[in-house]
Each structure stands twice: as C-alpha cells, then as structure tokens.
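A.B. asks: Sequence:
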Amino acid sequence: MEEKKAEPKKAEKKAEAKKEEKKAEAKKALT
Numbered sequence: 001m002e003e004k005k006a007e008p009k010k011a012e013k014k015a016e017a018k019k020e021e022k023k024a025e026a027k028k029a030l031t
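Heads up: the sequence shown begins at 1 in the numbering used here, then just goes up one per residue.
These are computed hints drawn from the structure, not numbers from a lab.
Zero decoy hints are in this set.
Listed below are the simulated DSSO-like cross-link pairs for lysine-lysine, each with C-alpha atoms no more than 27 Å apart in a straight line:
| hint | residue 1 | residue 2 |
| --- | --- | --- |
| 1 | Lys23 | Lys9 |
| 2 | Lys13 | Lys23 |
| 3 | Lys27 | Lys13 |
| 4 | Lys23 | Lys10 |
| 5 | Lys28 | Lys18 |
| 6 | Lys14 | Lys28 |
| 7 | Lys19 | Lys9 |
| 8 | Lys14 | Lys27 |
| 9 | Lys28 | Lys13 |
| 10 | Lys10 | Lys22 |
| 11 | Lys10 | Lys27 |
| 12 | Lys9 | Lys22 |
Work out the full structure: start from the sequences and follow the hints.
C.D. replies: Next up, the structure:
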C-alpha cells in the first residue's frame, strides 16, 4: 500500500496506457 502512495504517477501512467490500448482495440474492432 505504501508503494502505491510513493509512486502514484506510475500507476496513473499504467492506467492511462491501458485506456489508450482499449481505445486502439476498439478502433480496430470498428474497422
């Protein structure tokens, strides 16, 4: 738990990357 508090930016970046991945996948599915 402490690690997450110490590095919130890393977790944020991971979540952001996952969001972008899902967006790309959705675009692929549409085309």
